[in-house]
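In order, the protein sequences belong to chains G and V. So in the working numbering, spot 447 of the first sequence is number 447, and the numbers just go up one at a time. So in the working numbering, spot 34 of the second sequence is number 34, and the numbers just go up one at a time.
Keep in mind that the hints are not guaranteed to be accurate.
Stated by the list, open to error - Derived lysine to any residue pairs resembling SDA-like cross-links, with alpha carbons at most 25 Å apart: (1) Lys16(V) with Asp415(G); (2) Lys50(G) with Ala228(G); (3) Lys50(G) with Ala78(V); (4) Lys91(V) with Glu339(G); (5) Lys408(G) with Lys26(V); (6) Lys374(G) with Ser43(V); (7) Lys16(V) with Arg335(G); (8) Lys385(G) with Tyr267(G); (9) Lys6(V) with Lys302(G); (10) Lys75(V) with Gly85(G); (11) Lys52(V) with Ser208(G); (12) Lys75(V) with Ser321(G); (13) Lys284(G) with Asp272(G); (14) Lys6(V) with Ser321(G); (15) Lys87(G) with Tyr87(V); (16) Lys42(V) with Gln382(G); (17) Lys302(G) with Glu274(G); (18) Lys284(G) with Asp270(G); (19) Lys91(V) with Phe337(G); (20) Lys6(V) with Tyr368(G); (21) Lys16(V) with Phe330(G); (22) Lys347(G) with Val89(V); (23) Lys393(G) with Met280(G); (24) Lys93(G) with Thr45(G); (25) Lys16(V) with Phe98(G); (26) Lys374(G) with Asp49(V); (27) Lys347(G) with Glu25(V); (28) Lys16(V) with Asp324(G); (29) Lys385(G) with Lys75(V).
Calculated from the structure, these hints are not laboratory results.
Here is what each chain is made of, one letter per residue.
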Amino acid sequence: MDITRAKIRDLRKALDSKEISAAELCGEYFRNIEAGDGKVQSFITVTKEKALEMAANAQKRIDSGDVSPLTGIPLAIKDNICTDGVKTTCASKMLENFIPPYDATVIEKLNAEGYVLLGKTSMDEFAMGGSTQTSAFAKTKNPYDLERVPGGSSGGSAAAVSASFAPAALGSDTGGSIRQPASFCGVTGIKPTYGRVSRYGLVAFASSLDQIGPICSDARDCAIMLNAICAHDPHDATSARQPVPDFTEKLGQSVSGMKIAMPKEFYSDDIDDEVKSHVMNAAKVLESQGAQLVECSIPGLKYAIPAYYLIACAEAASNLSRFDGIKYGFRGEGRTFEELIRDSRSKGFGEEVKRRILLGNYALSSGYYDAYYKKALALKQQIIKEYNDVFDKADVILTPTAPTPAYKIGVQDNDPVKMYLADICTVTVNIASLPGISTTCGYTAEGMPVGMSVIGRRFDEQTILQCADAFEQTFAPTAPKF
Amino acid sequence: MAVELKTIQHLCELSKLNYDEAGLEKVMGEMGDIIDLMDTIKSFDLTYDDTKDNNSISLQEVREDIAQPSFPTEKLLANAENTGSCYVVPKVVE
Chain G
1 MDITRAKIRD LRKALDSKEI SAAELCGEYF RNIEAGDGKV QSFITVTKEK
51 ALEMAANAQK RIDSGDVSPL TGIPLAIKDN ICTDGVKTTC ASKMLENFIP
101 PYDATVIEKL NAEGYVLLGK TSMDEFAMGG STQTSAFAKT KNPYDLERVP
151 GGSSGGSAAA VSASFAPAAL GSDTGGSIRQ PASFCGVTGI KPTYGRVSRY
201 GLVAFASSLD QIGPICSDAR DCAIMLNAIC AHDPHDATSA RQPVPDFTEK
251 LGQSVSGMKI AMPKEFYSDD IDDEVKSHVM NAAKVLESQG AQLVECSIPG
301 LKYAIPAYYL IACAEAASNL SRFDGIKYGF RGEGRTFEEL IRDSRSKGFG
351 EEVKRRILLG NYALSSGYYD AYYKKALALK QQIIKEYNDV FDKADVILTP
401 TAPTPAYKIG VQDNDPVKMY LADICTVTVN IASLPGISTT CGYTAEGMPV
451 GMSVIGRRFD EQTILQCADA FEQTFAPTAP KF
Chain V
1 MAVELKTIQH LCELSKLNYD EAGLEKVMGE MGDIIDLMDT IKSFDLTYDD
51 TKDNNSISLQ EVREDIAQPS FPTEKLLANA ENTGSCYVVP KVVE
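So that you can see chain V by itself, here it is in the shape it has in the complex:
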């Protein structure tokens, strides 16, 4: 199935991704093939029942809501660009 240009452009918008013209054409072809593969699931005739998830095993136990020690600020800022004592963001973000 060919994927329409406007569908890919919409997905790029949702995904916050850019492609140049050649890249867009290439990814349209690839996504067409991938979606053809995904479409095979449509012949499976069953409806999702959200009451049957996790199959009797509780995997959603959250810890008590008590504050834990946090990370030192300087460690967290070590990965940020041009830091003094705070995040330095590009002008467009300010």
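Isolated chain G (complex conformation):
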């Protein structure tokens, strides 16, 4: 058996039974990375030396019986999550040489478990995009078809898990950036409820929407990862003081009696027929297990894209104003203070980041604020209300994760509007602060994975994990051949 295709829970058993050492396991993944990442380009930085050091420490813990679920487990981390002493670039020339002086809270929590860092994965620059083609350093390819995008912005993390370069990875999700790449790359990714995971040390894109979450090969591994990273954090004022349950608790329980809502707007003519057909088949599978399918409507979806982009870009324009080339980051040239800052930002940021800063400042500027930004906030309240109404009569919501399967590289490069519209199935989950999980529910005739999303009530990750897991137990995934 190829151990790099094993789940986290199987790796735990292999490590604890001394079938393999932490260093040997780490070596297996580096062998895959060295053999295949030249083609896939999922990593920006590979941390082999540090990984072997961490593996040696993990092995000491294993040998002494001081084991946590992730002790000795190698993981990949998206390159917008700060890692002390390890370059964190956000896939931007602006932060090409930035070495954080501290660990993000999620990294501290993984360190406490004794994880092993394989490296930092590529992403769309500052997490702005859905293809990982705006990365300044590694334009990741889809392991199922190297001519197609892996999705984004956490495309490097999803591709790395899909290609067996890592058993699991962390990503971040502002408008679908965990779920959509998970869907495109045939893996499982969960965006927890806003506030469930600390954002301290996550380089901010849109602070009211950003959330860190895991990408794994299935829902059971996602639950193990969530158990490790969720908790209230005094360093993050938006981190919720909610009790953290055992996310594995409801796995394996029957979905009999579970009410699954299918909002009609997510199954419109704008959604690819093959995608729709696979998601509806998955609904039938769940129905055959005793779940009840419930028809419903989320009319606000019609305005979701402008609402999302106005809020996200307004926050991004503010968050990215810190990059001025003075204290850290790329430094340009200029004869005056103003010229220096403008040159640094103009040369340090890529085109998509600049477009979003311009849009954010447009939405916030005098004369436009009420018409755009405040209207977007009103939409946010409406969408929250519509989701609440659905959850009055259903336990979870089932939708496609993306309107199409992974598309060819280059197809949307010069059309930002087309790129924004492709986020239609995921953005409302961030707007309403809900948890959502994407798992593979089929493959197109061309062999590309199709993902379905299960959305839950706030802080009810357990039920969406249970539902995704119930489907996964009936589904045989196909590994990519690249």
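Position chain V against the provided structure of chain G, taking the given hints into account.
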């Protein structure tokens, strides 16, 4: 909707960004298309009510105002250019 040159120049000013002539023309076209998409929100007839935010979930609990240990100076300066024991900034900033 075409975006006027003076609007884009104003946004560049607010955003602290420069474009050359060709770049400016390109971004004007792109922003016109993007703003057309954003304009669809105008047909939504509702007013924002700031008393309804966060939907009964408190997400703004700040920690007590007690000083915490800070980072070592040398670690913070590791990302700054040409450091001795302080930030070295270009002459124009001095």
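Evaluation of the provided hints:
no. : hint                     : in the structure
1   : Lys16(V) with Asp415(G)  : holds (24 Å)
2   : Lys50(G) with Ala228(G)  : holds (21 Å)
3   : Lys50(G) with Ala78(V)   : holds (19 Å)
4   : Lys91(V) with Glu339(G)  : holds (12 Å)
5   : Lys408(G) with Lys26(V)  : holds (24 Å)
6   : Lys374(G) with Ser43(V)  : holds (14 Å)
7   : Lys16(V) with Arg335(G)  : holds (15 Å)
8   : Lys385(G) with Tyr267(G) : holds (21 Å)
9   : Lys6(V) with Lys302(G)   : violated (31 Å)
10  : Lys75(V) with Gly85(G)   : holds (9 Å)
11  : Lys52(V) with Ser208(G)  : holds (15 Å)
12  : Lys75(V) with Ser321(G)  : holds (23 Å)
13  : Lys284(G) with Asp272(G) : holds (19 Å)
14  : Lys6(V) with Ser321(G)   : holds (22 Å)
15  : Lys87(G) with Tyr87(V)   : holds (20 Å)
16  : Lys42(V) with Gln382(G)  : holds (14 Å)
17  : Lys302(G) with Glu274(G) : holds (22 Å)
18  : Lys284(G) with Asp270(G) : holds (22 Å)
19  : Lys91(V) with Phe337(G)  : holds (9 Å)
20  : Lys6(V) with Tyr368(G)   : holds (15 Å)
21  : Lys16(V) with Phe330(G)  : holds (15 Å)
22  : Lys347(G) with Val89(V)  : holds (18 Å)
23  : Lys393(G) with Met280(G) : holds (20 Å)
24  : Lys93(G) with Thr45(G)   : holds (14 Å)
25  : Lys16(V) with Phe98(G)   : holds (21 Å)
26  : Lys374(G) with Asp49(V)  : holds (9 Å)
27  : Lys347(G) with Glu25(V)  : holds (18 Å)
28  : Lys16(V) with Asp324(G)  : holds (9 Å)
29  : Lys385(G) with Lys75(V)  : violated (46 Å)
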